[in-house]
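Here the protein sequences come in this chain order: C and X.
Residue numbers for the first sequence follow my numbering, so the first one is 1 and each next one is one higher.
Residue numbers for the second sequence follow my numbering, so the first one is 1 and each next one is one higher.
Since the hints were made in silico from the structure, they are not lab data.
Please note that the accuracy of each hint is not assured.
Ranges of calculated distance between the beta carbons of each label pair, as one might list FRET restraints [said to hold, decoys possible]:
id, chain 1, residue 1, chain 2, residue 2, range
1, X, R255, C, M412, 54 to 60 Å
2, C, E161, X, V15, 51 to 57 Å
3, X, G62, C, G164, 50 to 56 Å
4, C, S82, X, R211, 55 to 61 Å
5, C, P395, X, G147, 49 to 55 Å
6, C, G109, X, R211, 18 to 24 Å
7, X, R338, C, P160, 51 to 57 Å
8, X, N63, C, S82, 52 to 58 Å
9, C, Q19, X, K331, 38 to 44 Å
10, X, G62, C, G109, 23 to 29 Å
Covered by chain C, per the in silico footprint, the following chain X stretches (three or more residues, Cβ under 8 Å) [claimed, not checked]:
id, stretch
11, 22-29
12, 105-114
13, 233-244
Quick look at which bits of chain C chain X covers, simulated, 3 or more residues with Cβ under 8 Å [claimed, not checked]:
id, stretch
14, 60-66
15, 109-118
16, 298-310
17, 374-385
C-beta: ideal position from N, C-alpha, C; glycine also.
There are 2 protein chains.
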Amino acid sequence: MSPQATTMQPHTDAVPEEQVMAGFPPAPEMRVGPTNWFKLPWLRWSLIHRSLSVPTVDVWRGNAEPSALPSGAALYGATMVSGPEGTKVGLDQALAQLEIDAFMVLHRGKVVFERYLHGMAPHLRHGSASISKSYLGIVTGMLAGEGKLDLTATAETYVPEMRGSAMGSATLQQLLDMRAGIVRPGLDDRPSALGAQDGGVFEVLGLLPRRPESPGDFYDFVLRKPAAGRHGERLYYDNGQPEALAWVLRRVTGRSIAELMSTYLFQPMSTERDGFYSVDKTGAEFSSGGLSLTLRDLARFGETIRGNGFFNGRQIIPEAVLADIRAGGDKALFAESRFAAAYPGGSYRNYFYLSHDHLQGISAQGRYGQRLYVSPAADVVIAHFGAAPGQSPHPFEVPYARLHREIAELLMG
Amino acid sequence: MSPQATTMQPHTDAVPEEQVMAGFPPAPEMRVGPTNWFKLPWLRWSLIHRSLSVPTVDVWRGNAEPSALPSGAALYGATMVSGPEGTKVGLDQALAQLEIDAFMVLHRGKVVFERYLHGMAPHLRHGSASISKSYLGIVTGMLAGEGKLDLTATAETYVPEMRGSAMGSATLQQLLDMRAGIVRPGLDDRPSALGAQDGGVFEVLGLLPRRPESPGDFYDFVLRKPAAGRHGERLYYDNGQPEALAWVLRRVTGRSIAELMSTYLFQPMSTERDGFYSVDKTGAEFSSGGLSLTLRDLARFGETIRGNGFFNGRQIIPEAVLADIRAGGDKALFAESRFAAAYPGGSYRNYFYLSHDHLQGISAQGRYGQRLYVSPAADVVIAHFGAAPGQSPHPFEVPYARLHREIAELLMG
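Isolated chain C (complex conformation) (with noise of 0.2 Å):
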């Protein structure tokens, strides 16, 4: 890290974060529950320190040495680049007004850019939210490959408790590319602090207070998903999708999700540090939204993808892989869904953005500021995480996508 991090300016809130879990025992209005995780300061805590808050399973890194991560010619903090308005500021003003927590750039492989605020560290794991399900594509896809599973094939196939539910009769790609017909039970019923969205995968984990109706476990919070329309017709973004590939995942492969990232991503990478994931009372991982992993470790799935699949000296994700998401998603669908904002001409599959532009961007995208972007044009991977609390459509989204077109385009020269 280079001196500028430590000059910038603090985050100011009401509640100065540094007090949040702050002392022994912390203040009672400064402890991190289910009333306040969802806001600032409380969220950053929060994501940072996922396992304080929730079990978790580990997802182990085996025993070899963490991968090379070299460091090459530096971005500085004074680049130049659009922040949330739109108007030219230095990339650390951009990282802070975009209420980041920790931003790393590679270009062809070398570390040219490396910061953490608001408390993150390097070897610190930070709740990478909806990133989680591009992690289970990927290992979907390999899976596949492998001859384990059929893509064509319908979820009820391989889960038979899921005959007669709404996704039961979606094929896994159709889960895959979230174009099973399904609707969010419970969206805009409740009142919460969340807006009710994806409600009850946190009440599924004791994040949010449990109600009567709420499901008990990812299981549940599958098969209680209602049906709408065909599927195939819509993009329609949804945590339920995911959580029933996992579902397939580990009933097919008789590992759990934690295992299946071990033993084809984490291990094969070298990661620096485990990952881990939320769970509910039976085991099952927050599949698609609870990894959490250190920023070095997301940008080394970055490099991997950049690399077609190869990293750490070892074909990792074969290209095959890696080709059918490069080729990209329905178009038409995608321009209809609320993501077309901050990636226009793009598609969506296998759980990434695809932008589909002169910078080939392939993205794995989560809530509150999580983002992995590789172009692969431009030999540059951008990981990063933040805290900025709110719902999808958020203000950041298109800010974000445009601050990685910017550097790509800066450092491909």
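Following the hints, complete the assembly by docking chain X onto the known chain C.
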């Protein structure tokens, strides 16, 4: 591992342990929760996978390569030792009869025996129960050696909130030696499956259902301990005393117990994996019993003690800290305690048990069969984890101690 391990008879219960938390989802009666985790076969799974039941905080190992634990000439599974009844059986048979999950013997720094049973594995982190106290005792000694703590000062000197509470007027050394004048609240007043002994800590963690009068966190747990008698007069083993000491350590250093363990022990020892602690709602560690770690990392701690604090190429624990422990505690008080049966002529000091025999045994002990035994005279370290349900005094206390002595004498030759 030698082939013997796989040919051993599995532990038999009415409910097969392989079915605990097996399947996606697991059968309701096979799930681990507040009503069954303390009974076999659920106890084993609960001890081996504690992070899936409660919030936790990691003890970071750092980024260095794991320190070496070389292999040496082997003990054998057929080596004759005393089983629980005192009759001679093969070592592997003894381990099965003594509900052992993992067992390791080092002689002159080399691993001469290593077994993983009942679903335990080298990379899994088993609950160490009260061995956690011994880690706390060592770090307390290290902080005192740096002049950050005065062990002759009272707890309330450092934590003013403890003024007027039963342990506030006890010295840190009295807390280290279990000699504060307190009684266990709730002992025998609750007919729980755990016999209520130390029920308070499990209620704090949510491992047992909370009652209206349950302490809310570990600070509250400490403050509620009722006084009984005068400090120094008895050896009264209780979780309150190390929990009070942990509060002092946090307040004085401004750091969590997990951070202290990482800085003072796990990073210098270059453990194979991170450890982790169960935590309460305030993020406070269950310092008296909540540390989970791998068997090999427990063995590394033992090797460090055997080497007078020197391990991994450096002096990790100052010699004076270990000399103080080896000198022992009050033998007369120990003789009156329930521990004298396993350690006749022994004593207790800084959360370690001293044998004061020709083997110079130093032992850390935890419920359910967790043990670290170090014999500097025999150059032997024995580490094991178990899942023997029940209360102290446990019928296996004497057999475990006897087994340690027999192995040490065998290797001393």
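*Against the structure shown, which of the earlier numbered hints fail to hold, in ascending order?*
1, 2, 6, 8, 9, 12, 13, 15, 16, 17
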